[in-house]
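Asker: Using the sequences and the hints, build the whole thing.
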Amino acid sequence: MHPFSYTHVSDTRAAIAAGRRGGRYIAGGTTLVDLMRETVERPERLVDISGLPLDEVTVTERGGLRIGALVTMAEAAAHPKVRSLYPAISQALELSASAQLRNMATIGGNIMQRTRCTYFRDVTAACNKREPGSGCAARDGFNRTHAILGTSDHCVATHPSDVAVAFAALEARVHLLGADGERRVPFAEFLLRPARSPHREQALRKGELVAAVEIPALPRPLRSGYLKVRDRQSYEFALTSAAVALHVRGGVIREAKVAAGGVGTVPWKLPAVEQHLVGERPTDALWAAAAQKAADGARPLAHNAFKVELLKRTVERQLRTVGGNQ
Amino acid sequence: MSTELPESAPPRSEPKETAAAPSRRAFVVTSTAVAGAVAAGGVITGTSLAGPDEATAAEAAPASRVSLTVNGTRRTVTVDNRTSLLDLLREHFGLTGSKKGCNAGACGACTVLVDGRRINSCLTLAVRLNGAEVTTVEGLTDGDRLHPLQQAFIDQDAFQCGYCTPGQIVSGVGCIQEGHTRSPEEIREWMSGNICRCGCYVNIVRAVEQTAARK
Chain A
1 MHPFSYTHVS DTRAAIAAGR RGGRYIAGGT TLVDLMRETV ERPERLVDIS GLPLDEVTVT
61 ERGGLRIGAL VTMAEAAAHP KVRSLYPAIS QALELSASAQ LRNMATIGGN IMQRTRCTYF
121 RDVTAACNKR EPGSGCAARD GFNRTHAILG TSDHCVATHP SDVAVAFAAL EARVHLLGAD
181 GERRVPFAEF LLRPARSPHR EQALRKGELV AAVEIPALPR PLRSGYLKVR DRQSYEFALT
241 SAAVALHVRG GVIREAKVAA GGVGTVPWKL PAVEQHLVGE RPTDALWAAA AQKAADGARP
301 LAHNAFKVEL LKRTVERQLR TVGGNQ
Chain B
1 MSTELPESAP PRSEPKETAA APSRRAFVVT STAVAGAVAA GGVITGTSLA GPDEATAAEA
61 APASRVSLTV NGTRRTVTVD NRTSLLDLLR EHFGLTGSKK GCNAGACGAC TVLVDGRRIN
121 SCLTLAVRLN GAEVTTVEGL TDGDRLHPLQ QAFIDQDAFQ CGYCTPGQIV SGVGCIQEGH
181 TRSPEEIREW MSGNICRCGC YVNIVRAVEQ TAARK
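Residue numbers (the UniProt record's numbering), protein chains in the order written: chain A, 1 to 326; chain B, 1 to 215.
Hints should not be assumed to be uniformly reliable.
Stated by the list, open to error - Derived coverage of chain A by chain B (criterion: at least 3 residues anywhere in the stretch with Cβ under 8 Å from a Cβ of chain B; other residues may be distant): (1) 4-15; (2) 28-35; (3) 46-56; (4) 97-103.
What the hints assert, rightly or not - To give an idea of the interface, some chain A residues facing chain B are shown, with a C-beta separation under 8 Å as derived from the structure: (5) 1; (6) 234; (7) 237.
Simulated from the structure, these hints should not be mistaken for laboratory data. For clarity, every value in this text was computed on a predicted model and none was experimentally measured. Ideal Cβ placement from N, Cα and C applies to all residues, glycine included.
Answerer: Here it is, written out as structure tokens:
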């Protein structure tokens, strides 16, 4: 681990000032400390933001939910409002990491977490994300766990978060605090696809701080849930996953929010699946037909073609779980 | 500043105390002495903070002062900012119950309670723990009386090699406090952050179940 200076800040203005001077924010630290030890991350200045007042879950005026960036994964998952309003979020959180890590890691840090691509974490391997211009060892390497959607010639790494898949499905907004105040960015625009610059991962300006994630109010009743498919039953990243939220009224699907994880370079929203569902009556045949569109545009690599079919089946099963057997 | 101890001692054929191959006891005594020196104002480092190519940079490694309570005892130390809580406990406070398995948050052998919540001490920078209350496996006993979960691990034969056991026990204490013990399946899921290479999971679940049932 490279040496670094350490500052604990207790107000957001001081944090942002330190961030603008090149300081690196640390909250839960579960990704950052790990990557610093591997020398993948080499911050010279750490700014500890764990004392900032960004640790509340509140219901918004419009009936949505605002989850502070410093709320831990464990706290968010256990929060009664999260559990009752958006089960997909609490389920995604409880299917992530371990109880210990969820006690440390925060919501803001979770969506900022970096890929688990083994070549990214191996400083001797070529990786455009870690070392721009060095190449991508995963493209022709062991890429069984890598992305099939949103990839580029320069990067095929997946975004590892589960709860970010639920946030993407529910069309959350990320609240960012900067020197010029607060702004809101749609979740779909916050995390960046690799394209030609895989090292740029978030639409953040210098010194900007994630303050909260806001889930918009959605028509009620809303049923939602998260399914994660992985190599072992617990404490493992997703091969595929699906977050589904459905609003059914008068026997007709009025709103459908669907996103997939484990398959994209960013959490992968599935508008074609959603459009297939809206206006229809829920049936098993509908779930199957809609899920056929889940892997549209997929470009599998040498070792992950299985994800195409697995993704479709994951989405179909979760549509049926949330929408019911008809 | 050189590191005081190698991260992992080379394999030793005989457990003799020599300068080249200190015994486990000498190792612990040295660590304790270092911890004592720290209280007098020295700076302590972790054991594996700097690779060979970082030796120069490590000369001027920034350090910070931190006050924390470990198993009921208040400690104030100045630590190299890179020191993990696990290294602080093991190498400087002589509390070697918490184990270094993966050192990457993937195995749970380093699990301790911070302010009552179970966490991975290997991924926790010690400088961040000002004012924190840390409980390690050494802090679970009541004098000579084992914690009920420690006794349950013996009763249920919940270990073979024992390396993961302190982390399992501290994690189990957290799991019971959280109330995630309503079924063997729930215990398995909420204990999944602790890996046991010997595969003693069935008996570990029974030990947690036995202890939770007492409450």
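Asker: Does each hint hold? Answer for all of them.
Answerer: Now for the hints, and whether the structure bears them out:
| no. | hint | verdict |
| --- | --- | --- |
| 1 | 4-15 | holds (count 4) |
| 2 | 28-35 | holds (count 4) |
| 3 | 46-56 | holds (count 3) |
| 4 | 97-103 | holds (count 6) |
| 5 | 1 | 5 Å, holds |
| 6 | 234 | 4 Å, holds |
| 7 | 237 | 11 Å, violated |
In this structure, only the earlier hint numbered 7 is contradicted, and the remaining ones agree with it.
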